[in-house]
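Undergrad: Input sequences plus hints: build the corresponding full structure.
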Amino acid sequence: MRRALLAFLLVAAPLRADSNLPPSRWANEQLPDARQEAAATALMQELRCLVCQGQSIADSDAELAGDMRALVRERIARGERPEAVRAWLVERYGAWVSYRPPVEPLSWPLYAAPVALLIAGAWLLRGRFRRRG
Amino acid sequence: MSRARFLPLIVFALLVVAVAWRLATPKDDRVASKLEGQKLPAFALPPAVPGKPGLSSADLATGSPRLVNIFASWCVPCIAEAPVLLELARRGVPIDAIAIRDKPEDVAAFLARHGDPFQRIGSDDRSQVQIALGSSGVPESFVIDRKGVIRAQHIGPIMPQDVPAILQAMEEAK
Amino acid sequence: MIAEAGLAALWLAAALAALQFALALGAGGAEGRALATIRGVAVAQGLLTLAAFAALVILFLRTDLSVLLVAENSHADKPWLYKFAGTWGNHEGSMLLWVTVLAIAGAVVALFERHLDERTLGFSLAAQAALALGFFAFLLFASNPFERLNPAPAAGRGLNPLLQDPGLAFHPPTLYLGYVGLSVAFSLAVGALVTRDVGPALARAMRPWVLGAWVLLTLGITAGSYWAYYELGWGGWWFWDPVENASLMPWLAATALLHSLNVLAARGGLRAWTMMLALVAFSMSMVGTFLVRSGILTSVHAFAVDPTRGSFILVLLTLYIGAALALFAVRIATVKEGAPFDPLSREGALVANNLFLSVILGIVLIGTLYPLIAEAATGEKLSVGPPYFNATAGPLALILAALMMIGPQLRWRRDRGPMLQRLAPGIVVAVATLVATLLLAPSISLLSRLGLALGAGLVPASLAPLAGRALRRTPLATWGMCIAHLGVAAALIGMASDSAFTREKLTTAVPGDRIEVGPWLVELRSIRPVAGPNWTALEAELRASKGAGVSVLKTQSRYFTEPVTTTNEAAIETDWNGQLYAVLGAEDVATGRWQVRLWWKPFVTLIWLGGALIGLGGLLALIGRWWRAFRTRRRFVEAEW
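Protein chains in written order, with this note's numbering: chain W, 1 to 133; chain A, 134 to 307; chain R, 308 to 948.
Just so you know, these hints were derived from the structure itself, not from any lab. Virtual Cβ for every residue (Gly too), placed ideally from N, Cα, C. Treat the hints with care, as some may be off.
As a list, the in silico DSSO-like pairs of lysine-lysine whose alpha-carbon atoms are at most 30 Å apart [what the hints assert, rightly or not]:
#1 A/Lys280 x A/Lys167
#2 A/Lys172 x A/Lys280
#3 A/Lys160 x R/Lys688
#4 R/Lys688 x A/Lys167
#5 A/Lys172 x A/Lys236
#6 A/Lys160 x A/Lys172
#7 R/Lys812 x A/Lys172
#8 R/Lys812 x R/Lys861
#9 A/Lys307 x A/Lys160
To be clear about the criterion: a stretch of chain R counts as covered by chain W if any three or more of its residues have a C-beta under 8 Å from a C-beta of chain W, and this derived list gives those stretches [to be verified]:
#10 538-550
#11 602-608
#12 646-659
#13 668-675
#14 687-698
#15 807-820
TA: Structural data, given as structure tokens:
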């Protein structure tokens, strides 16, 4: 049983791919320019994998995630700004595809929350302290 | 302390309402394209099989609505969808396809086995056009109107019960 | 037979919980002999629940396929450790573990708590019984672990291979002990609010429970983070995933509660805040349990979706948390406050600590639930992930680190003493580190730069309370505090270092190729098939060197058949100054080249070492206080003679 499995493994196609085609070149290869690669990696970590249960495309083995990584790297290599690439994807999939919520009326409470909480907490504490005599 | 002592209770009540809503209306994890109502992005795909033309955005603004089916030979639900597509084609719906990450021989084998309702098939071997359309899986279908504007998206295989809705969408796209 | 016995034990325990609730409440906050009866009932309830859990463990160890749960989650070929751990690797089994801990905790409180006012204890035991009752009902009516399967299948369905790991055996029980240990704090707070008896005695009764639960939560979360790091194959250790957040929120509340209890025990202050935190901590545990099992949030960690079960737990939550918060609102105005204090004092620093921890807790809660709220209100879907949490919680955590450098060195009530001398070592080290990073690593992010500086400064600052003292006479609790804070420093340095200095190399290779990453030169030597007890794999052997010496790393792409899954087994080489992390990816059949992913992560191990130190510090504090209480009682007894 084991030998048959081993033999099978040696001739089998890539174990994880859904399709029969190999991953895109730029799905798993880093850009030669280190600055561009850093920008691409930073963006990939903030884009959501569309077919996963809560992972960024940087952390996913899914094929579509690989193709999205390739898209990000190619566009940044062509000189596009990361924000432009993000915006292009948000245009197609909605704010859901970005782990960084866009700053818009829908997410103002989210971004205001830290400050609001601090102020609320400080206000609740206002009577606690004894005045310095 | 004053009225502030009721604040945690009120906040909790609001959270319970939101959560109860979520339990009542189950999550739809499908990601829909946000391009509905917008013109198709420009693209030009080479043929997926020899003998059949490839697909470009220009081919989809021909003056009458068309159905674009995003499929792949390695996609299992696409097999279930094939007879329905054949039926739609028989009823006069012009269907084009985009084959995702596929080899010509595999596409040809799929069409030979499950039927070929498509007039044109473009080969999208790195999912780039799929992403440009806001599609996130296979199979999906788009209703494109005569001016090349995306009018409707159907996520998942088109089942017999979905046919009336598709035909309706094609009507409205005229 | 065993399954039926287990189920019977569960029913009996539930009946006893109902009895305990009725007795404790009916006796109007029982005293004397009524309390003795209630204690007995609580102990019996705990033992019976433990017996039920033991029954389930036996069924899993035997792979008894006539039990539905075993058939769906286990397999005869699994190694025994994973058969054992498989008991809680599913919804029903883990829920039974949850309830077992709840019942045992109640039994221990009933048996050993002798210093608390009896009326308060009576109501606390009533609260604990009420909690148990709801979750017993959930188990018995909506998540029966002992359901039979007739006819029994020939083979079980196996267990997710990602979970077949020693970390799995350790991680969930530790976490559950922590989450559910906080139930005692909740019950004691409820009891004290009913009798209006909130004071130092309550704090001293609550503290060992909170400390113990907090230590376990710290160790459990640390272990979970390390497990994710080496198992998932991408070198990440925290993802702000909803389920991770669900485990973090009770920890944040428990940390704040712990510090708050110290103020309440020592000075009688912060009564309202401490009671609120005690209620919030276990509420967060229950909310976490709900989030993971209801399917309302998308996560890699979530159990299988079942909205009916979710609704059941939501009803329980609404009842328990709603009642507790209502009790708080109604009673808190009549609780006496403690002596006031100057802002520049130990109390002041602890209040600030509470404030920032509570705000971080609020941010994590809001961030986790916001997508849900936004969709409920507007139908729009959005995602809230690491960019949001890092940007909001990160700076607040840094402020906390700065507070930690000062707070433990302040005196109670009012500190007028010379500050500069005490704070000098911390400030000097922090500033020196800041300057060093500006010179040597000018392009790292501001957040990681500050993290490195504050983490470094926190090292001498956390040990400062020990300076100039007779070390052998210093209370163990003080040692514990210093070591725990040192752990925070270590973790902070590790996190900042990982963020700032990680080097990543993604490439394709064939045997014979050499790859550079950071200071390392890595050669791919071979790729061969290997086999294990229930898997086969392709193993890549890598030789890595940086200067003298060569390290061998073996990483695998592992293939399971029951169920069919593929996992990456990363190879990690740990040095004194970091880890080299290697993963084998897929082969490109066309070119015959293999994907190889390499990371050099300087000082990343400090993250989990720090977590372990924090846990150790807490453990020392716990032991220290027990030992002191024990010695005091002995001296008291001896004096009586």
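Undergrad: Quick check: do three or more residues in the region 646-659 of chain R have a beta carbon closer than 8 Å to a beta carbon of chain W?
TA: holds (count 6)
Undergrad: Does A/Lys236 sit within 30 Å of A/Lys172, going by the straight-line distance between their CA atoms?
TA: Roughly 29 Å between the alpha carbons, so the hint for A/Lys172 and A/Lys236 holds.
Undergrad: Count residues of the region 668-675 of chain R with a Cβ under 8 Å from any Cβ of chain W, then say if the count reaches three.
TA: holds (count 4)
Undergrad: Given the proposed pairing of A/Lys172 with A/Lys280, does the C-alpha separation stay at or below 30 Å?
TA: holds (8 Å)
Undergrad: Given the proposed pairing of R/Lys812 with R/Lys861, does the C-alpha separation stay at or below 30 Å?
TA: It holds: about 17 Å lies between the C-alpha atoms, which stays within 30 Å.
Undergrad: Below or equal to 30 Å on CA atoms is what counts here, so check R/Lys812 against A/Lys172.
TA: Violated. R/Lys812 to A/Lys172 sits at ~40 Å, over the 30 Å cutoff.
Undergrad: Is it true that the CA of A/Lys307 sits at most 30 Å from the CA of A/Lys160?
TA: Roughly 33 Å between the alpha carbons, so the hint for A/Lys307 and A/Lys160 is violated.
Undergrad: Check whether the Cα positions of A/Lys160 and R/Lys688 lie no farther apart than 30 Å.
TA: With Cα atoms ~11 Å apart, A/Lys160 and R/Lys688 stay inside 30 Å; holds.
Undergrad: Mind checking the alpha carbons of R/Lys688 and A/Lys167 for me, to see if they're no more than 30 Å apart?
TA: It holds: about 12 Å lies between the C-alpha atoms, which stays within 30 Å.
Undergrad: Tell me whether the statement that chain W covers the region 538-550 of chain R is true, taking a Cβ distance below 8 Å and needing three residues at minimum.
TA: holds (count 6)
Undergrad: Report holds or violated for chain W covering the region 602-608 of chain R, Cβ cut-off 8 Å, minimum 3 residues.
TA: holds (count 3)
Undergrad: Counting residues of the region 687-698 of chain R that have a beta-carbon nearer than 8 Å to any beta-carbon of chain W, does the count reach 3?
TA: It holds, with 9 qualifying residues against the three required.
Comparing the model with each earlier hint shows violations of hints 7, 9; every other hint is respected.
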